[in-house]
Every structure is written in C-alpha cells, then in structure tokens.
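Protein sequence lines correspond, in order, to chains L and R.
Numbering that gives the first Met the number 0 applies: residue 0 is where the first sequence begins, and numbers increase by one.
Numbering that gives the first Met the number 0 applies: residue 0 is where the second sequence begins, and numbers increase by one.
One or more of the hints may lead you astray.
[Said to hold, decoys possible] Reference listing, derived: stretches of chain L covered by chain R, where coverage requires no fewer than 3 residues with Cβ under 8 angstroms from a Cβ of chain R:
(1) 75-81
(2) 303-312
(3) 328-334
(4) 346-352
(5) 358-372
Hint data in this document are derived by calculation from the structure and do not stem from the laboratory.
Remember, predicted model here, so these are calculated numbers, not experimental data.
All residues carry an ideal CB built from backbone N, CA and C; glycine is no exception.
2 protein chains.
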Amino acid sequence: MPRAQLHDGCPQPRPDWVPECGGAGYATWILEGARPSGVASAIPAARRSRLTTADYVRGVRARDPGILGRALSLVESNAPAHREAARALLAALAPEAGRARRIGLTGIPGAGKSTFIEAFGLHLVERGHHVAVLAIDPSSQVTGGSILADKVRMERLGRHPSAFIRPSPSGGSLGGVTRKTREAILVCEAAGFDPILVETVGVGQNEVAVRAMVDAFVVLFIAGAGDELQGIKKGVMELADLLVINKADGDNRPRCLAALAEMRRVLRYLRPATEGWNSVALTASALTGEGVGEVWGGLEDFFRTGAATGAITRRRREQAVAWMHALIEERLRAGFYGAPGVRARREELERLVAAGSTDPLTGALFLLEAGGVAG
Amino acid sequence: MPRAQLHDGCPQPRPDWVPECGGAGYATWILEGARPSGVASAIPAARRSRLTTADYVRGVRARDPGILGRALSLVESNAPAHREAARALLAALAPEAGRARRIGLTGIPGAGKSTFIEAFGLHLVERGHHVAVLAIDPSSQVTGGSILADKVRMERLGRHPSAFIRPSPSGGSLGGVTRKTREAILVCEAAGFDPILVETVGVGQNEVAVRAMVDAFVVLFIAGAGDELQGIKKGVMELADLLVINKADGDNRPRCLAALAEMRRVLRYLRPATEGWNSVALTASALTGEGVGEVWGGLEDFFRTGAATGAITRRRREQAVAWMHALIEERLRAGFYGAPGVRARREELERLVAAGSTDPLTGALFLLEAGGVAG
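The task is simple: from the sequences and hints, build the whole structure.
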C-alpha cells in the first residue's frame with residue numbers, strides 16, 4: 000500500500016493520495032510507521048482513490064493505519080468540497096466515539112514533553128493499551144516543521160504497532176485547529192484507541208481550547224536553578240488535574256523535590272480544575288522511567304473519582320453542548336464579519352473606537368448597520 | 000427638589016420620577032445623600048419630568064446629584080423607549096469621558112469590603128478627590144436588598160459631598176450588568192469623578208467582566224486561622240494588580256503578615272495581570288486606617304508605571320475595540336437565539352447533543368437551519 004515516506008532532508012512530506020478535489024485547502028502530513036501486524040488494508044487497491052463513508056467506517060474500525068490517516072485528513076480538511084463527506088463520516092462514527100479517556104498534555108519545549116510522552120506512551124502500550132497521540136502546535140503551519148521534529152523524536156513510540164501519532168494542522172481559530180482536533184479525537188475513539196493524548200505547547204489560548212475537549216489535563220514542569228518552577232507559561236497550571244515535574248533524575252532530583260513542595264503550596268490557592276478532584280503534583284523522569292507509572296496511576300485515580308462523582312459525564316455533556324454553541328457562534332461571526340459592507344467599514348471603526356473618537360456602542364451600531372443587522 | 004427617601008424597613012425605595020414610558024424595564028434605586036453645597040439643580044422644576052440631552056449634559060457636568068442619578072438611570076434602563084435617548088446622551092458625553100482612573104475592587108462578604116471602601120473613599124475625598132463608587136452585586140435584583148445594605152454601611156462616605164455611591168442593577172448578562180456599568184463609568188467620568196471605584200463581590204464571572212472595563216484591579220483578602228489566605232474565590236487573584244490583606248489589626252496582625260509572605264510566594268507563579276507591572280501585595284486595616292494610604296500609593300505607582308509603559312493606553316484601546324465587538328456578537332446571538340425557529344428546537348437539540356445521540360456539529364447545523372442561517 001502506498002504511503003508517504005519521510006525523505007531525508009525533506010521537512011514536508013505529503014501523502015501521495017491527496018484528493019484531486021482538495022485543492023490548496025487540503026493539508027496534512029503522514030508519518031512513517033509500522034503497519035500493525037495482521038492488519039491488511041480494508042479497501043481494495045482499485046478503489047483507493049475514492050472511499051465511501053462505509054469504506055471509511057470499516058477501515059477506521061479495523062484500525063487500518065492508511066484509512067485512519069485518510070479519515071483524519073478528511074475531517075481535518077479545510078476544503079469546502081470535503082465538508083459534507085466529513086460530516087457524514089463523523090455522524091456515522093458517532094456511536095463508536097466517546098469511549099476513550101481523553102487526556103490533554105502540555106509543557107513548553109524544554110520541559111521534555113516529547114521524551115515524556117514517548118516514555119508514557121510506551122508504558123501504556125506495553126500494558127496492552129492502544130494509544131493515540133494528537134499533537135497541536137500553533138507555530139506550525141502546513142510548511143512548518145516543529146511538530147514533525149517532535150514526532151521524529153518519538154521514534155520508538157511511533158514504531159509501536161499499538162501507537163498512532165498524528166500532528167494536527169494548525170489553523171489558529173476555533174474553526175481551525177481546535178475543531179479539527181476535537182473531530183480527530185472522535186475518529187481515534189471510533190478506531191478503539193484509549194487513552195487519547197492531545198499534546199499542545201504551553202501557550203495560553205491553545206491550552207484553554209484543549210482543556211475544553213479533554214477529560215483530564217496534565218501539565219509538565221521542570222525545576223529551575225533554585226527551588227522554583229520553570230518551563231511553563233504562568234497561568235496554565237490552574238488548568239491542570241495532574242502536575243508533573245519532569246527530569247527528576249541525577250543531580251536535578253533534590254531541586255525537583257523542593258519544587259514539588261513549593262508547587263503543592265501554590266496549589267492550595269488555585270481553583271481545582273475539576274470539581275471534586277484535588278489536583279495532584281508528582282515528579283517523574285522520562286530518562287529513568289521513574290514516576291511515569293505513577294502519572295498513569297494518578298490519571299487512573301482521576302478517572303475513577305470522576306466516574307464516581309459524575310464529574311466526567313457532566314463535563315462531557317457540557318463540553319458537547321458548549322461546542323455546538325461555539326460552532327453556531329463561529330458561523331454567525333463568520334457570516335457577519337465576512338459581509339462586504341462590514342469588511343469595508345470594520346477597520347475604520349476599530350480605529351475610531353480605539354482612538355476614543357467614537358464610543359463602542361455607536362461603533363457597534365454603525366457596524367451592525369453596515370452588515371444589514373438591525374441594532 | 001424631590002428625591003426618594005430611604006424609608007425605615009423599606010428595602011426597595013424607588014425614585015418618584017420614574018419615567019412614565021419606562022414600564023417594567025425601568026429599575027433603579029437612589030440613595031439618601033447630601034447635596035454638594037452651592038450646587039443648585041441645573042433644571043427648572045417645570046421641566047423636571049422630561050429632560051433633553053442638553054439638559055442631561057449640563058446637569059452631569061455640574062455634578063448635580065439629581066440629574067446625575069437620572070442620567071445613570073437612563074443609561075441603565077432596559078426599556079426600549081430609553082434606548083435612543085441613552086445612546087444620544089452617551090455620545091454627547093463621550094468627549095468628557097475617559098479622564099478618570101478606573102479601579103475595580105473585589106472581595107467576598109466577610110473580607111470587609113464595604114468598610115474598606117468607606118475608609119479608602121474617605122482617605123481620597125479628604126485629599127480633594129471626587130470619588131464615585133459603582134457597586135455590582137449579581138445576587139441583587141430589582142427587589143434585592145444586599146447592595147442597599149452595603150450602602151447603608153458606607154454611611155459616612157455616602158454623606159460626603161465629594162462622594163457618589165451608586166448600585167448597578169444586576170442583569171447577569173453582557174447586555175445587562177456589565178454594559179450598564181461600563182456606561183455608568185462614562186457618565187461619572189463626564190461628571191468629573193476621579194477615581195471611579197467599581198465594586199463587585201468575589202464571583203468569578205463578574206470579576207472578569209469588571210476587569211475588562213477598569214485600568215486597575217484590587218482584590219481584598221483576609222488571613223485565616225493559620226497563615227493561609229481566605230475570603231476569596233480561588234482563581235480571582237490572578238486578575239489583581241494590587242492584593243490587600245484586610246483586617247490587619249490587633250491580634251490578627253501576625254497572621255496577616257504570615258499570609259502576606261505566603262501571598263508573595265504564590266504571586267511568583269501567577270501571570271501578572273498587567274504587562275510591565277508586578278502585582279503588589281499589602282496589608283491594611285479599615286478599622287485603624289493603617290495601610291489604607293499605602294493602597295492608594297500602590298495604585299498611584301500602578302498608574303505612573305502604566306502611563307510610562309503605555310500599558311494603560313493600550314489596555315483602554317483594546318478594551319474599547321473588544322467592547323464594540325462584544326456588543327456586536329451579543330446582538331448577533333440575541334438575533335439568532337431569539338428567532339422563533341431556534342427557540343422551538345434549541346432545547347431538544349441541546350438534550351440530544353448532551354446525551355451523545357447527536358454530535359455537536361450536526362446539532363449546530365440543524366439549529367442554524369432552524370434559524371434560517373446557511374451552515
């Protein structure tokens with residue numbers, strides 16, 4: 000079966016099956032990896048260029064890596080031509096979705112995120128889990144390479160037949176990166192992956208978006224030169240259900256333990272990220288493997304507690320309804336701000352309101368009028 | 000000049016000049032207070048029942064308490080009949096607005112908020128400032144009494160001729176409480192008050208809304224039985240430019256100093272609320288007056304630094320533009336969710352999406368269709 004290869008020195012491999020109708024809106028990478036043994040392509044070669052919804056569903060259920068990659072590319076596509084097929088696929092997979100533990104994971108480069116995810120993922124696959132890693136990187140675009148470099152670093156996990164690693168193309172808007180990631184989670188769930196790890200770098204906005212689509216959120220820290228915590232944008236820690244001080248090995252270990260004590264003090268002043276769960280701080284080392292099992296243990300505790308209190312069910316229900324309304328509001332905004340009259344006047348009115356020559360209410364009324372909406 | 004009186008045992012005084020056209024949407028209290036000496040009503044008695052925009056502007060500029068109260072009631076009114084007059088008044092006052100230091104202040108009941116504001120306000124008026132206090136309380140409705148009780152407790156400040164205390168009627172939505180409060184700030188600025196204190200209780204959502212309309216944000220804490228901090232909903236402290244541990248007097252003083260040290264440690268892990276300003280923690284006592292001057296000193300530092308770095312100008316420009324777009328989006332949402340087709344289907348679709356029987360994207364498309372918007 001044809002798959003794109005990671006050519007040496009080529010930062011931007013593209014699959015050879017980019018749909019003919021996709022156009023410039025179509026963007027993905029696929030990654031070199033092993034075919035799970037015993038899984039043959041579910042689709043005969045002759046039909047490979049055009050799949051029906053039923054073909055996709057069959058391939059996703061069989062965890063066929065080729066079909067799975069194409070299904071993800073379809074739901075991630077920005078091309079209008081793919082919209083209806085993507086919607087039909089998601090609707091068809093809906094009954095199979097929702098069964099995985101959804102775990103968000105963050106930490107800026109330097110916190111050892113990819114080595115930690117590799118160690119953590121290997122810990123899970125060795126215990127019989129099928130693990131999917133969806134990676135979001137707001138700095139990467141279609142032509143960007145930073146996520147790719149990350150994936151290359153997760154070489155061992157990427158080669159494991161029970162693991163699936165997928166970079167999410169970055170869109171930067173609600174309808175872009177987060178929408179695609181949310182839908183990619185559903186596809187991976189339907190394929191039977193559990194847990195699903197959603198990886199993102201430590202930039203505020205993205206973390207909040209990921210927090211809104213996962214059950215549990217893990218934040219990676221590293222200890223600084225003293226006992227202070229580093230490696231994370233301030234303000235992200237209050238999103239965390241589990242806080243992990245990584246690189247707790249060798250000479251660094253005492254500093255990490257001091258940082259752990261400090262972190263536990265700070266936690267007392269933060270609102271818990273999940274109702275009924277006191278956020279837990281741990282140390283770990285991706286290098287020695289120490290503490291990696293405890294992180295999974297902490298997450299199992301989280302899911303056990305969350306199931307008992309009903310917090311996870313409630314969160315998912317609220318997330319789904321909030322998501323529906325977010326999509327609607329995105330559509331309303333896009334419709335309004337895309338209207339020619341609004342585009343013509345928006346910049347000028349923003350300038351006048353920023354300068355204080357027009358008050359915001361008057362500015363709003365003018366812009367609404369320009370968009371044909373009665374104020 | 001006729002003014003409503005606070006009758007003993009009557010929690011809901013209403014002014015006697017409620018406009019004939021206001022109807023049920025019209026809601027305000029006014030408070031017993033002293034007329035600044037030498038300020039006569041700017042409006043002849045015969046015309047009191049109907050003011051023109053020019054009458055309002057003249058009265059507000061003269062800081063006539065009666066006209067000021069009526070101007071605030073007009074901009075706070077929910078009645079459609081007042082909308083155009085309110086808009087005209089705000090536009091006319093716009094050149095006079097924007098000159099005051101806008102300070103948000105929060106702390107749950109028990110943190111000694113009203114006694115602190117009274118001590119703080121008296122400190123300011125004694126130094127020649129004209130101080131306006133706008134109070135938001137999400138628990139109070141037209142018939143509620145908690146804010147009123149607060150105002151009665153600020154008796155000394157309320158009687159001072161240079162002070163103006165005004166409860167903001169609670170609406171609970173963007174178009175309600177916050178919109179009215181933002182507009183009330185502009186009216187008070189045009190009247191020459193500076194600083195303007197916007198008081199709110201420690202409930203997350205409201206704090207964020209107030210943060211978005213002030214330059215500086217002060218959070219009041221109290222020390223607990225140990226050295227821990229109490230009296231504030233966790234998560235609010237990262238909004239603060241100034242953190243004040245109140246009730247630092249008598250036996251409580253050592254605990255407050257321990258809590259202060261703890262707070263300064265915690266602050267190192269929070270994102271600063273204002274770019275270029277390191278949030279400051281202080282102790283104060285509204286009872287002895289100790290530290291109250293230092294709070295004003297800290298705020299003066301804040302405004303000096305913010306003027307030098309340009310952070311305040313940038314914040315105001317961004318707040319104004321964000322506010323314009325928030326008003327537009329509120330209007331778009333109200334138009335969509337108010338449409339009969341959407342009202343008919345919303346509840347059912349929310350239920351299906353929450354239950355997982357319909358995916359959020361499909362739900363969104365159905366609801367958009369019901370509202371006549373192309374998905």
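Which of the numbered hints above does this structure break? Hints 1, 2 not satisfied by this model.
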